[in-house]
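**Q** Sequence:
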Amino acid sequence: MPKAAPYRLSWDLKQGTYTLHNTRSQRVFPVAPDSHAWFDWLAGIPSFAFSGQHGPLTVRQETRSAGIYWYAYRRVGEKMAKRYLGRTTELTLARLEQVAAQLAEAALSPGQGTLARGVSGGEKPDQHVMTSPIASLPSVTHVRSVVPSLPESQRDVPLVTRLHIPHLRTQLVRRTQLIQQLQQGMEAPLTLVSAPAGFGKTTLLAQWLAESARPVAWVSLEPADNDPVRFLSAVIAALQQLDPQLGTSALALFHSPPLSPPPPPEAVVALLVADLSHQAPRDCVLVLDDYQVIETKALSQALAYLVEHTPPHLHVIIATRTDPALPLARMRARGQLCEVRVAQLQFLPEETSAFLHTVMELDLSAEECATLQNRTEGWIAGLQLAALSLRGRVDVQQFLGEFTGSHRHIIDYLTEEVLARQPEAVQSFLLRTALLDRFTSPLCNAVTGSADGEQMLGYLERANLFLIPLDERRQWYRYHHLFAEALRARVLREVGTEGRASLYLRASAWYEQNGMPALAIEAALSARDFGRAARFIDPDAPLIRSMLVGFEARTLIRWLECFPQEVLFTDARLCLVYAFSLGTSETSDAHAVPLAVAERLFQAQGNRKGLGQASTLRALAATERGNGAQAVLYGAQAFQLLPEDAMLERSIISSTLAEGYRLAGEVAEAQRVVTEARPLHEQFGNASSILSSTITLGDLLVMQGHLHEAAGIYGSVLEAAGERQSFAILALIGLGNILRERNELDGAEAQIEKAVTFASQTRDKLRLARASLMHARIIQTRGDAERTREVWSSALRLAQACVYTGLMEQAQAYQVRSWLRQGQMEAVIHWQKTCPLSADAPADYQHEVIALTLARVLLAQGEAAHALRLVERWHLHARAQGRTGSEIELLVLSALAYAQQDKAEQAVQLLRQALLLASPEGYVRVFVDEGVPMAVLLHMVLSRWKGKTEADEVRRLLSVWETEQAAAGPYALAMLHRELPLAPLSGRERKVLRGLVAGLSNAEIAAELVVSINTIRTQTRSIYHKLNVKNRHEAVALARQWRLL
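Residue numbers (full-length UniProt numbering): 1 to 1045.
Hints are supplied without guarantee of correctness; some may be wrong.
Restricting the straight-line Cα-Cα distance to at most 30 Å, the calculated cross-link-like pairs of lysine-lysine (DSBU-like) are [claimed, not checked]:
1) Lys765 - Lys297
2) Lys609 - Lys754
3) Lys765 - Lys754
4) Lys765 - Lys903
5) Lys754 - Lys903
6) Lys991 - Lys1026
7) Lys948 - Lys1026
8) Lys991 - Lys948
9) Lys1030 - Lys991
10) Lys991 - Lys833
11) Lys833 - Lys765
What the hints contain is simulated information worked out from the structure, not anything from laboratory work.
Put together the whole structure using the sequences plus the hints.
**A** Below, the structure is given as structure tokens:
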């Protein structure tokens, strides 16, 4: 028995909207159903109540072996009926209302049919997925009635109008040869049906599919589908009718942190192909109809990837007026392409005769049919228009004599002829509804001002007047594109610009009244009523919020760029939406101008919330660039300006502010914000902010040196992230870093390889660069020189492509450490000369990696005193900020610096402090990576440290170092049997040793260092003693082997 749910989603009849509220506090949540905020909210709750237009449901989340699914419950008679709803990404309003309607029907007749079925313990999700054959395609029984998730801008019109296979008339000319050709073409991955308008491409495909009984996913495309998110979501929605789980991993790419760039289409398609390879039904078909409207290059590239990687059991069909930008020549040469073109689509003489006699019911002679065949060249649309014009005519021969010319001429001529032969009321209806891409009878009534829309649509369908049903219930229709184009040209002549605008505005008003704001905007823009369109494009409107977080920025940009500049840049709300939309573009400063204008206008208006939203965008952009100080500045401003009820913005800015503090090294402040914001995230149900803040918490624990606890945090993120790969990537990088530090290199590399794979799939440049950088550090630790060069080259190239410039500087600094280990001092010195940070620069966490690399360079050059001044300054800063992880590394470097100055006691004392901090958390690499100088110091600590536990920890570190030295080769193994240097070399001794390695004489070394030859001799003897060697040759060999320089 389902328990009372803590949340309720209710249909408000008066307002015509759905409201989500807490059943205990009655607090209303500003979450728009079907938005990305909605799906994030769903991910964090176990159940909710639904009171829809078709009755109540209790909706619960349940775990099955294949994952998490949602089910609907309602009492039917004495039993509790249960229905499968789908995965989280499929839980749309349409799906809820659909199941509510089914259970309401069952409640009225509880004893009838399968809908009265009770709850069974062993059910599987598929047991409750209702199947229904498509009308007029009785043999196609594979299409499920699960309503997939689409972007917010596509929810205005019933989903079936996009994914419905066009209805076939009872009387049709069977295209026997073409159907056989299509059937044979299934052996190739792609079929291209390419011909101008009016050649029956769509009808042919619908006819073939009706006979083939294959599972089919159909998408009718339109110009708005040039938005990649809209296009890909529609394709996935169509495929999910075959299997609700198809494409779920691809859809998860659309659940990313705010202001993240949208995933590249090819990345989404790559994940979709992986799903199709394992889940798609056998011999299924994906049809993309009207593909000629797609002009976006990235979508053409994604489609090319799809057709070139299509699994054998999926066949892609493209119907288009023009050839798509695909490698058709190569596919043709390889036998991977089936083509149906004009020559095959033209009606044969016998087909023309059958069409005119049977379909159009004309009594024409064989000669008259032949004349029409010759004049139209088998062009089906021309034949249909000619047939409509011939109905009731007595002057057939005169008409045939005038019937000639190009397709365009024929269309214009025959459209006029067809219209002229219709009653005046029908002509008026056709012209006034021709502007609509798709329509239903109430919309037609609103546009025409009449009440006969339903009757008119019925007449047009019976009269074969190019009307195409878009759903099984015949509620939505469209005109044949060719007929609509001809009608629209005449509309402008008949009613003028103002009349056409009036029609669009009537449509816009109807869309608004019926909860279709995206279409209301489109119609208002077509009418050039920018004031009306602007009314809907408000940053606080549910539609706009959902589009901003749902990667539909391209559609928003398209709308906003329709506005004249003088309108756009005088409206603060429009400028803010424009700035947020541009914030997801690849150009880092694309949003700067509209954002500055929005801020100026909000300031003049005294609009604190608007200014707070603008500061939110600035904080997000600063975080993306890695600028912690700016993120904190703008985040704090946003918090002060935003009202308490701006829950979404405050939730987002909390995560952003915490990350800003982390970037600035302010651990305590970052933890405070994370802790205080957690209830807000949970109350609002913002799963993205919860995951983001949890990752920040893990990063903060690493900064504090709490590796064990941080690993647990990252693990919890991986469990909760599911298919939200952008969050999983960060958790994998964090976990890989911890495992690398603990010297668990196999595990570290496995985690980072997963992160690299996920980031490559999502084409997330910043996360891919970060993962690749960590991968390079792991490979470098393994000591594989050739592989290290390869991964560093890749990591640097990726870092350079990022907006986050600090990442490139960090990558270069880590590479310098690699060069130091390999003795590539020329490259090191070149970096030192161009280093973006001076040794005397004030301590700043964001530049700490560079500063500590510079300290190592100074130590390698024997500049211990200089290095120590730098290290001590940064040590004080790290301790003040509570960053124990940094403090351990700085203590290690301080110990090495003191050892170089022959201050052994201070060096040992500092190293013991580092060991006491590091030992409980399993630190290894921070010690071992420092090579022989550290090994010498560890031996010195071992000789002075009497505690067994502590001594065992030092022996463990030395064992790791010795194992790595032994793995370097037979000579290195032999060298291990020699004693380590008795003590670290001083800075001056390192300089003398460098001269010895370079082959300089004592006199040349003395001249270079400006000391006497006797001083060089004394220092040389000290070097021999510390290295436990007898002569210059052995000292040079040992220095090279131990990489002492």
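**Q** All hints, please: hold or fail.
**A** Now for the hints, and whether the structure bears them out:
1. Lys765 - Lys297: Status holds; Cα separation ~20 Å.
2. Lys609 - Lys754: Measuring from Cα to Cα gives roughly 41 Å; hence the hint is violated.
3. Lys765 - Lys754: Holds, because 15 Å separates the two Cα atoms, which is no more than 30 Å.
4. Lys765 - Lys903: 47 Å, violated
5. Lys754 - Lys903: Distance of about 45 Å is beyond 30 Å: violated.
6. Lys991 - Lys1026: Holds, at roughly 15 Å.
7. Lys948 - Lys1026: Given that 30 Å is the threshold and the Cα spacing comes to 28 Å, the pair holds.
8. Lys991 - Lys948: 38 Å, violated
9. Lys1030 - Lys991: 19 Å, holds
10. Lys991 - Lys833: 19 Å, holds
11. Lys833 - Lys765: 29 Å, holds
Going down the numbered hints, you'll see the structure goes against 2, 4, 5 and 8, while the others check out.
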